[in-house]
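> So the protein sequences, as listed, match chains A and B. Residue 1 is where the first sequence starts when you use the numbering used here, and the numbers rise one by one after that. Residue 1 is where the second sequence starts when you use the numbering used here, and the numbers rise one by one after that.
Simulated from the structure, these hints should not be mistaken for laboratory data. Bear in mind the structure is a predicted one, so any value in this text is a computation, not a measurement. Just so you know, not all the hints are guaranteed correct.
[Claimed, not checked] Examples of chain A residues lying across from chain B (beta carbon under 7 Å, computed):
#1 69
#2 75
#3 98
#4 234
#5 235
#6 237
Ideal Cβ placement from N, Cα and C applies to all residues, glycine included.
Residues per chain, in single letters:
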Amino acid sequence: MIRTQALVKRFGRFTAVDGVELDVREGDRYGFLGPNGSGKTTTVRLLLGLVLPTSGSVEVLGSTRPRTVLPQVGAMVEGPAAYGHLSGRANLTMSDAAGASDRSTRKARVDEALERVGLAGIDKRPVQNYSLGMRQRLGLASALLQRPRLLILDEPTNGLDPQGIREFRELLVELNNGGTTVFLSSHLLAEIEALCTRVGVLDRGRLVAQDSLVSLQAPTGRTQVQTPDLADAARLLGSRVEHVSADLLLVRTQRPDELNRELVTAGVRVVSLMPERHTLEDTVLSLTTGTSDRA
Amino acid sequence: MIVTELRKLVRRPRTWVLVALLVALPTIVALFVKLSQVAPRPGTGPAFLSAVLDNGTLFPAAALAIVLPLFLPVAVAVVAGESVAGEAQAGTLRYLLLRPVGRTRLLVAKLVSVLAFTLISVSVVALVSFGVGVALFGSATVSSVSGTQFSTADAAVRITLTVLYVGWSMLGVAAVALFLSTVTDSPLVAALGAVGVLVASTLLVTLDAAASVQPYLPTRYWFAFIDLYRDPVLTRDLFRGVALQAVYIAVFLTAAWANFTTKDVTS
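All chains, please: the whole structure from these sequences, using the hints.
What follows is the structure in structure tokens.
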């Protein structure tokens, strides 16, 4: 779906994107993570042909010339934009008419897109009176107008309230189930964690990780045990205990089930027992060098 | 895409505000002249104004001479300067390109829309001022700048040619502003840049020391349309004006195209 090779973009002496090799597969919900200023938006612009690469190649939907496949791509880059003096519906209609789209299905597609993003009851008031959340929904509707095979969304939940974010996530999952590949760039870990199946992590223009979400959340090899018999448990497990706090033990083990049996057999009461996993946050923070918008 | 751009132009309140302002200035001048019955002495004040007091038919030419030094080029520079940079500033440029609209096609559509605005504004000024002129000053026989007289039909032809000549001159301004509009993301900078070029040119045209470059300055032949009202028509400066504007239009449109089709859109 998306494949880049040794993609580099320099602005003057500043290297915004440095040898990125993206691999997004059909049907993915791909999360593109990175701190502010790490080059996410520039990468998205490169994918869409808005910015031309200094070197390296971009292949989207099997084509190295973004122009030819753009009709099958829906995109939102750095926030929505619309003509303020026109209504939302007029904006969508005008935007659709600007491209080479089918005029006979235009009205139906505009209605469908508005319906999908929860703006079906939209009236004639101009976009300049819209709230930030409504503008965001309108931007998404615009991306959905041509029923794209690939959705490329850059920071799409800015300005949405929690309810809006949930609706948005449900919509993306629904579209994805219908066969649309989703590429979502964000600096919000929770958003990516809740939605995506594969994750790429960008840091200072370099792709420092690219893997399925499940493998990035791999078990740490430690199990958290909550017990009122702290002393007994600690004595029983000896050096396998890595950390003790209040009523919690962190135990190094490959087999949580065996650990449970051992504790119970020895008469230690277990309130809860849970294998610890890497959080996406830990993984990402260990891979990235921190925020680059700090001067 | 061209239809979309024209629709945008027509639906935009700003377009009509600019046209209204362009019409308002000559109308105000006409009212003052009518009420006071004092026309500027021949050779002073805006061209033709001295003649309109006893003949309103020539007022379109006077009206164009009134708006030509500043109002008209500023209006054209604002619209052309806004064309690409305005989309960039509003953030809509990237979505147009993603629709996708080819960059060359977008530029052509913008050019057509600017052309339409130029023709609309020049024609509206001519038509309204014709009405105002005839209503206020009546339509006696028209006398040429050279003193001979010509018929109303003849006057209409000359006024139409004036509209076309002034429109063509304004297209030169539009080309400069359109080029700047592809360079910057600020419509204000693009429009002011184009106006700056014209102000500099107007200044140099009056400077004897700059005589060597004067034939190449964009505003040098703007007022050559006055020659259309001589009998016989003095064509030398008119042809030079048309040719010079053609060069400006070709050079700056090519530059705009070369810049826009290869530029990183980061707005």
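> Would you mind marking each hint as holding or not holding in the structure?
Hint by hint, here is what the structure shows:
1. 69: Hint on residue 69 of chain A: violated, closest Cβ of chain B at ~9 Å, above 7 Å.
2. 75: 5 Å, holds
3. 98: Nearest chain B Cβ about 5 Å off; hint holds.
4. 234: 59 Å, violated
5. 235: 64 Å, violated
6. 237: 57 Å, violated
The structure fails to meet hints 1, 4, 5 and 6 from the earlier list, while all remaining hints are met.
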